Structures are given as structure tokens and as C-alpha cells.
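K.L.:
Listed here are the chains, written in short residue letters.
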Amino acid sequence: MGADFVQLSLTPIVIGTLACIACALPGNFLLLRRQALIGDAISHVVLPGIVVAFLITGTITAWPMMLGAAGAAIIAVGLIELIRRLGRIEPGAAMGVVFTTLFAAGVLILEMTDTSGVHLDVEHALHGNLESLVWFDATGWGSLLDGQALAGLPPQVLRLAVVTAAMALFIVLLWRELTIATFDTVFARSMGIATRAVGFALVVATAVAAVAAFDAVGSIIVIAMFICPPAAARLMTNHLPHQVLWSVVFAVLSAVLGYVLAGYGPGWIGHSHAVSAAGMIATVSGAILALACLFGPERRRTGQAAEGA
Amino acid sequence: MALPLDGPGLQEPVLIARAGDLVGLGGSDSPLLVRGLTVSYGRKPAVFSVDAEMPAGSMTAIIGPNGAGKSTLLKGALGIVPRLSGEIRVFGQPFAAARHRVAYVPQRAGVDWDFPARVIDVVLMGLYREIGPLRFAGRRHRQTALACLERVGMADFAMRQIGQLSGGQQQRVFLARALAQNADLYLLDEPFAGVDAATERAIVGVLQALKDDRKTVVCVHHDLSTVTDYFDRVLLINLRKVAEGPVGEAFTAEALQATYGGRLSRDHIEDLALAG
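Protein chains in written order, with this note's numbering: chain A, 1 to 309; chain B, 1 to 276.
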């Protein structure tokens, strides 16, 4: 593993790993609150968000895209709440309606827009462009200490590093509020915890993670990472801090293993072309969940919870 | 005062205005004072213009049929559900100012017991305010939590996952969490629902010890046959307050018939060895 690896594979792996961790962290709480579909909804509505942002600004630079996506996420969450109340249908169905409709609208607007000059299409939205996030300025491992080469890193590295750190900080700082409000909402309110604000903060954190990860890795990974690593982690332990740590382990494992398998796996079985890294990373995370379902130490519950189920 | 709540002509504004007919709160510093409390889910009130006052060192059962608004009364008093009207004073202060003196035990069925937490983690939630924001539980807090589990006979289960407990054990863990709050007023929503006999005895013992300690205890309670044994006061409600007072005065056959609207059989009421 020499200069080629650093130049072509290191940054995609790092970016993929950071994106997976950033999504898995809030995913733990979404899962426990039975809101995992919120992550799904938000990552879909990012597409119409960035398309509209492109229509308005005419560029695909990072900030307008991020703002457009964040705006779409907020509108989607509002619409879900509105449909749930007015239509009196269950939250899962309300989310399903909103995100498919908005995603489809995004596809239509995209088709009607002239985006030939820029790299913006449905495929990009689904798969991201992980393989293309290479580090041209790198000449080998030594480049990690070379300021000039580091300046040439894809901007997604820093952006996702900041977002991942923010997710970790969010969960550590609001740990007790998140756990108490998630486990026992009425008790939390009696203690003076603003449970609605905590829930809203979690949705905002989810949106930030989804938007930041989306650009680099596409919505397939984002959706998978909100659910698969936390769900697999839940089957490994009955202790929430350990669950969160396991989810990070599984996120890293999915990203690294998925990228390596996508890039080199086809070669091992005689094919010449690499396959989509995003698709492989999501598949690996699903395989990890399947293994956890079969062999996870806490997959079987005992006692009152199991009796009631 | 009989109000035709479902009848035509009684529209929402009237409802609110009547419910808001406040009696003065007159400087009382009793542990819990409720005046004209009305809570509504949608357009139909669940609790209508209820007055109540819990004296210090008393143990009160809130009694009424299903859907009478017993749980809602507690939630309205605690600000967990919005009040349409009414005033609450806790030790003479608005609830928000006296929150630290109140412990609330919600219904056990209201939470997901499959949540990844150990028994001690749940009890530590009761120390939320004591630990303070942006901090984590230390050794001292864990010792406090263990001592509370000891009081309900659950210390040996501290490291168990909560999903592995029986219903009675879960209820004791909830009580231990309330004890960790070290409050002066304890509001419990059906603490005896679906628990085994040993748990019921353990919970009654803890609650009576609290009362002996001049703490105030209020329980939503279902089992009419144990009211006279466990409690010294009753509050009978069915949407409105029907009766309130010491068991010897307020827990009468007449009041029970009024509360349950004839749904209790005469035999059952005679079995209760009531006052009056």
C-alpha cells in the first residue's frame, strides 16, 4: 500500500468512514424513538433541496447546496407533522408520503433543468461520488505531514470531520436529556426537560448529518447508516453507551470493508471493473445487521418485555 | 352544580369561563393545591374544574372509573399536559418554582422496557437535577441510587437490564427513581397496577415510611378494597370532583355511587366496610 493507495483510496475511505459515523451517531436515538424513518425522509428530500438551490444560485458550490438541503429537510419535517395531524395517519405513512413525493418532485425539476454544465444528476444523488474524491496532491504517506499537499485534500474531508465531531459533541452534551426524554417522556417533562426541544434538536442533528454526508456518499449510504449500525449495535448490548460505541465500530467496518470490497473485490473473482462503493458500503452494513440478528448476544430478550411482545 | 357537558349550547368559551371561576389561592402553602383545573384533549374535557388540596404528611388515593381523568389530573398539575384553565400551587409556589420538591411516578406501561438501560441507569435519571447540566453521574450518585434500590428491595438487580424484570420489579425500580429525587411530594400513577403481592407490600411500606417522614403522597388507585388500609384520604373524581377528605368521611357508599354512576354493584360496596 503505497503512493497509489494514499492518492486514490485513502481519502474516499476516510470520507466514507466519517459520513457513516456522522449518520450512525444520531441514528442510535432515532432508532430508540422509533423515528428511524425520519433519517430516510430527510435524506430523500435533500435532492429537491439541492436542485432548487441550484436553480436559484446557478452553482453547485457547497454552501448553497447545504442551505437548500437543510431548508428542504425542515419543510419535509413540517409537512410530515402537518399530514400526520390533518390526515390522522400514522407517522410512518406520513413520512413515506412526504419523502417519496418530494424526491419525485426533485427528479422532475432536475429533468426540466439544464444541468449539463455541472455534475448534478439522480445517480449522483443516490450513489454520491465517493470514488472521485481522490487526493491529487498526495505522493505517499509522507504527504500527511506536508502542508501543501494537505491543502489539496478534498474539502469533504474537513467538512465531514467537523460534522462528525459536532455529532459526537451533540450526543455527549445532551446525553442525559436524550436518554431520559427517549425512555420516559412524561417523567422527563415532570423534571423540567424540554422534551419537544430535545426531539427537535435530534431532527436538526439528523438533517445536518444527512446533508453533509449526502454530497460525498449519496443517499443510499445515508439511509443505511441511520439504521443498520445502530440496529446491529442494539443486538450486541443492553447498555446504551456500549450500543453507541458498537454502532461506531459497525459504521467504520461498513465503510472500510465496503470500499475495499467494491474497489478490489471484483478483481479477486476475476472481474475487471470495480463496483459502486456506496452500494457496497450499504450492503456490508446490511450484512452486519443480518449477522447481528443471527449471532448477536442480546438478540433474544427475556422477562417482561419479551412476554409482552 | 351539574353541567350538561355534551349538550347543545355549551360551547367552548363558556366551558373555559366556568372552569376558570377561581377560588382565591389565599396564601396556602400546602404541598399541592389545585383550583379549577380543566384539561381537555381535543374539544372534550378530561378533567373539569377540579379543586383539591393535599395536606402535608397525608396519603391520598385518587379514585374514579376508567377515563375519569385521574391520570390527567396528575399530568395537568405537573404541567405535562397543557391546562385549559386552573391554578396549581406546590408548597405555595407555581409548579415550575417548586419542581425540585416533587417526584412523579408515571404509569409503568407508558415506557418501552426494552430500552437499553440497566436498573441503576433508570434510578440515576431521578438524580438528573442533582447531577446538573452537562455532567455525568459520579460514584456518589451511584451510591445514592443503590441506597434507593435498597429501600425497595432491588439492590441485587442494579446491573440487570430493565427488560429482564417482572412487572412488579419494574414498578419498584420506578419507585426507587422517585426516591432518588428526594422530594417532599410524591405523585404516583397506579403504582399497584399489575404487580405481585410482595411488590404491593414493599411499595406500601415505602410509601407509609415517607408519610411518617412528613412527606406527602398522592396515588391514582384502582383497588377499592385496599383504600381504607393504605390511605388516610381520598379524592373521588369522575371528570369533576365528587368528594374529597379523610377516608372516614369522604369514602362513603353514596360518594362511590356518585363517582361510578351506578356501575358498582351494591354487594361490592357493602363489602368495602365504608364510612358513614
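There may be inaccurate statements among the hints.
[As the list claims (entries may be wrong)] Derived coverage of chain A by chain B (criterion: at least 3 residues anywhere in the stretch with Cβ under 8 Å from a Cβ of chain B; other residues may be distant):
hint: 1; segment: 56-62
hint: 2; segment: 120-126
hint: 3; segment: 244-253
[Unchecked claim] Pair ranges (Cβ atoms, derived):
hint: 4; chain 1: B; residue 1: Arg263; chain 2: A; residue 2: Val172; range: 49 to 55 Å
hint: 5; chain 1: A; residue 1: Val172; chain 2: B; residue 2: Arg139; range: 15 to 21 Å
hint: 6; chain 1: B; residue 1: Asp112; chain 2: A; residue 2: Asp121; range: 50 to 56 Å
Keep in mind the hints are simulated off the structure, nothing from the lab.
Note that the coordinates shown come from a computational prediction; the quantities given were computed from them, not determined experimentally.
For each residue, glycine too, the CB sits at the ideal point set by N, CA and C.
K.L.:
If you count the residues of the segment 244-253 of chain A with a beta-carbon closer than 8 Å to a beta-carbon of chain B, do you get 3 or more?
P.N.:
violated (count 0)
K.L.:
Can you tell me if the segment 56-62 of chain A counts as covered by chain B, using C-beta to C-beta distances under 8 Å and a minimum of three residues?
P.N.:
Coverage by chain B is violated for the segment 56-62 of chain A (0 residues, Cβ < 8 Å).
K.L.:
Between aspartate 112(B) and aspartate 121(A), is the Cβ distance one that fits in 50 to 56 Å?
P.N.:
42 Å, violated
K.L.:
Honestly, do valine 172(A) and arginine 139(B) meet the 15 to 21 Å range at C-beta?
P.N.:
Roughly 20 Å apart at Cβ, these two residues keep to the hinted range, so it holds.
K.L.:
Per the coverage rule (Cβ-Cβ under 8 Å, at least three residues), is the segment 120-126 of chain A covered by chain B?
P.N.:
Three-residue rule not met by the segment 120-126 of chain A, so violated; n is 0.
K.L.:
Within 49 to 55 Å: is that where the Cβ-Cβ distance between arginine 263(B) and valine 172(A) falls?
P.N.:
Once the Cβ atoms are compared, 53 Å apart, the range 49 to 55 Å for valine 172(A) and arginine 263(B) holds.
Checked against the numbered hints given earlier, the structure breaks hints 1, 2, 3, 6 and satisfies all the rest.
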